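Spelled out, the chains give:
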Amino acid sequence: MNPIRKSLYVFVVLLITAVFLAACSGGDSAPATQAPATQPPTAAESSDEMPTAEPAAAETMDEITLRWRTRPDNQAEIDVYQSVSDELDSEMSGVKLVYEPGGSESSSYQDVLRTELAAGTAPDVFWIPGTDIADFATRGLIMNLRDMADATEGYSDENFYPGPMFHLTFNPETGNSGEALWGLPRDVSTFALYLNLDLLAESGAPDPRELAANGEWNWDTFLEVATAINALGDDIYGYGQNAWWGPYGYWINAAGGGFYNEDRTACGLDTPESIAGLEFESRIYNEYNVAVPYGEDSEPPFLAGKVGMFQNGRWATPGVRSSANFNWDVVELPDGPAGPSNWLFWGAYVVNANTAHPEEAWKLVQELTTAETQGKISALGANIPSRVSQEALDAFLTFTPPANNQAFLNGLARNPATEGPLWAGSWPEFDAIMGPAVTAVLNGDQSIDNFAATICDEANKAFNQ
Amino acid sequence: MAAATATTETKTTGHTILRWIKAAAGWHLLLAVGGVVGLGWLWAGGGTERVIVFKVVASLLLVALTAVNALAAVDLLRLRHRGRVVSLAVNYLGFLFCLFAVMHRAGGFTGFNTLANNFGRALPFLFLALIGVAISNLGENPGANRKMVGRGITAVGGILFLFLAGLATAGRALVISLTDPTTLILFVALFPFGLFLWAIWRQPAAARLGAKNVDNEMLIGWAFLSPNFLGFLLFIAGPLLFSFYVSFTDWDAFGNANWVGLGNYGRALNLTLAPLADAAQRANEVLDVRVYDELARIRLFGRSYVIGAQDKLFWIALGNTLKFVVFAVPLSVIPALFLANLLNSKVPGMKFFRAVYFLPSVAAVVGIALVWQLLFNASVGYINYFITQITTFLGLTDPKIRWLSASDTALLAVVIMAAWQWLGFNTVLFLAGLQSIPRVLYEAATVDGAGSGRQFTHITVPLLAPTTFFVLVTTTIQAMQIFEHIFIVMGTNPAGPANSTLTLVLYLYQKGFQRFEQGYASSLAWILFAIIFAATLFQVQRQRMSGSGYDA
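From first to last, the protein sequence lines stand for chains E and C. First residue of the first sequence: 1, per the numbering used here; consecutive thereafter. First residue of the second sequence: 466, per the numbering used here; consecutive thereafter.
By construction, these hints were calculated from the structure, which means they are not laboratory data. It should be emphasised that the depicted structure is a prediction, and the values quoted were computed from it without experimental measurement. You may find that some hints are simply not true.
Covered by chain E, according to a simulated footprint, are these stretches of chain C (three or more residues, beta-carbon under 8 Å) [said to hold, decoys possible]:
| hint | stretch |
| --- | --- |
| 1 | 715 to 722 |
| 2 | 740 to 752 |
| 3 | 868 to 881 |
| 4 | 955 to 963 |
Just so you know, even glycine gets a beta-carbon here, dropped at the ideal spot from N, CA and C.
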């Protein structure tokens, strides 16, 4: 063989070998979980049996690798989560932590996660929103941690807000809460109205914060303020919200209605209270015309100084803080006909049902939800701690602006409806039916009477027949 | 004496070759027996959790494996060339299967994610090895010393390169993974597959089995074809067949799949028609609302009817998809034809404009959609800003179009965005078509007194027929599969206001990846395939009927 050709052959063989070696060596992000079992354990099975999956190939016997993931809202959060991961890594002996910042909501965090779970490459510990808990638990995708929790000294469900813990401890087999443990809440959040104080002052409307302090902040005064601000110009809006179930859910809940019936086994959107709430919201758009058109993203016009009151969660605070060039603050949501109302949004750290290291994963979940860790995250301003801890709440209140941080905490105390999964049906299906129907009402494409007459016929199909 | 020695050597070689062939036959016999044992295990209780279809498919594969190996064994023992071909095919495929399976089980494929880390730091030493190769080989007569130095550098560079690329870690990972019995069996099986592949491929064995040059050329041809062919089978045909099977089940991507027959197709296509007492009567008074939702109302022969659908969203998605095709295809094809004519003129700087119009086609859909999302914003978007400026200037009423938030404009907004992006690519295709039309035809037409309009309608359009056909077919298929544009531009609610931008691919994505219904999503994919196939077939038939432009 020609020597040059021979040398080139050697060169190419080296190259190919190296590529495969580089791949097989796995680097830092080798999957720590095994491919899913042919039959994922059911919710009941997973509570009784610990997975027997073997450690991943690249792991040594003395140190295990745990991958964990959460859905951050911005780079600052990614940096804090990374530093938290690094600190925990040094504290947890024999465990190497690999933090994977998941994509944002708009980059399909949950879709990616589901695909990875199906492929067996999902992390050991991951965050999911509260609405997904039932789907993940009943399909055996997340581990029931109850036995380990019971054996853990100092652990108590009562350290966290009861709303999320009702769902996180729900046993779908018996229908009772307190019998399982699907994870621990990462954080909670509530809605508030972000106020453009400059527009408010210019309109001469009463200050919602003062109205709230005097107990006069209700739908009538809300409408009065929104109308006054809206009158400032063609391109100025009194109120804005984004098009998803949370914002319109508030109007329904505050009127005394709700998405479901009392025991969450059927649609409750056609009750007179629910209809009254939705009808009022519909009038905001179609009669009073004081809001950013429904379906338009209200955040850009609010940040551009064209919206007086913008309904959003605590997660919007860092963005407003960095982008708003006007004076702003927040106020509680106005009281509805049925009194105060809000949402208690939450998400939880859960453990992959196929993790090879359940004990260590459970330990990590606990570490990620300590008051100290939550305090660090809360200091960024995006999250309210899920742990009922003054230390964590104090850390949250240090983040200003907004000056009125207490408004978010008040939301927790003022009759919030807990964001929750649908144990008796499919939340995604329910949402897919409810969302377009509500949108049609708020856009004036469907009458409220027609909505009331038909919505539950369709939405009840999302419940187990 | 020399002749006798040669004869003895030949005989010895001949005996050795024969032993290799017999060993290979034994290996195939072993595989055939393995196939039979596997078949017995499958039906004697092994894998009882598997559904019957899986068992049947696995059985067919095992029967094929047994038969092929038995055939190879018999033919090899009878020294038939067919045995060599079958043996090579089996050993080649077996070797690849074991190699990739070991790679998979050792985490090699997921480890490719980290390639950049390891490979990047090792790369300089690869260049060092390359320099060594150059030193020892370049020049007409490299001296022995230079060769030795070059080889030394190559060796050092190569070894360092392999170590930094992960030789030690990979070796350790491989050893640990071999503690798993399945991985160990696959790893061990690599050797007989590889060994017999090599032994039967070699020239002496080929000659002994009666191989001719043409046979070897044929095998080499198949070997070159195999990466693409196997890739097609594995990544296209395989998933296609799998999704076809899944479409008859209720698989959720995690657990077992239950066979539901044509249930998924029935659920999607199930419609009912119920008469109404009057046009205002509610649908839930005449439809079984446990099964059907109101889809539409029609009036036939003076009477009102309501159409109910078991899956209303499927029909809405189908309707939106067809609407999108009807608007997006002409909007991205007809302007492209005129634009191509403009860009075909020999004006200085035209290449710049060609590049400008083509640019959106190569830009990432995500980036484009995000820009359009901002442009379409009803309150702070630039499109409405300019409309406001113009209407104010003209003293007209500002329509304040809600591009993405109103059910009657959302799909139109997506049509505009998609057509804008596809326009450039279609223009380039038309441009290529235009440049293939002989200039002499235009010159002749000019001499005959035909104006540019008549030249366009009587020469350009007919002779562009093949290009137009291609553009129409590809754009229609593209439009039928619209997904990314909608998924991004519509933000957190891709289905749009009142499901006005819900298209078939978006719907099957939601069903498969967001609502745990992979089985149903697969059936929707096959229904979409049938629709696209029918549409394409229709276009092909039309093209055949009208004939090629050059024949006209």
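Exercise for review: Run the structure past the numbered hints and jot down the numbers of the failing ones, going up.
Suggested key: none
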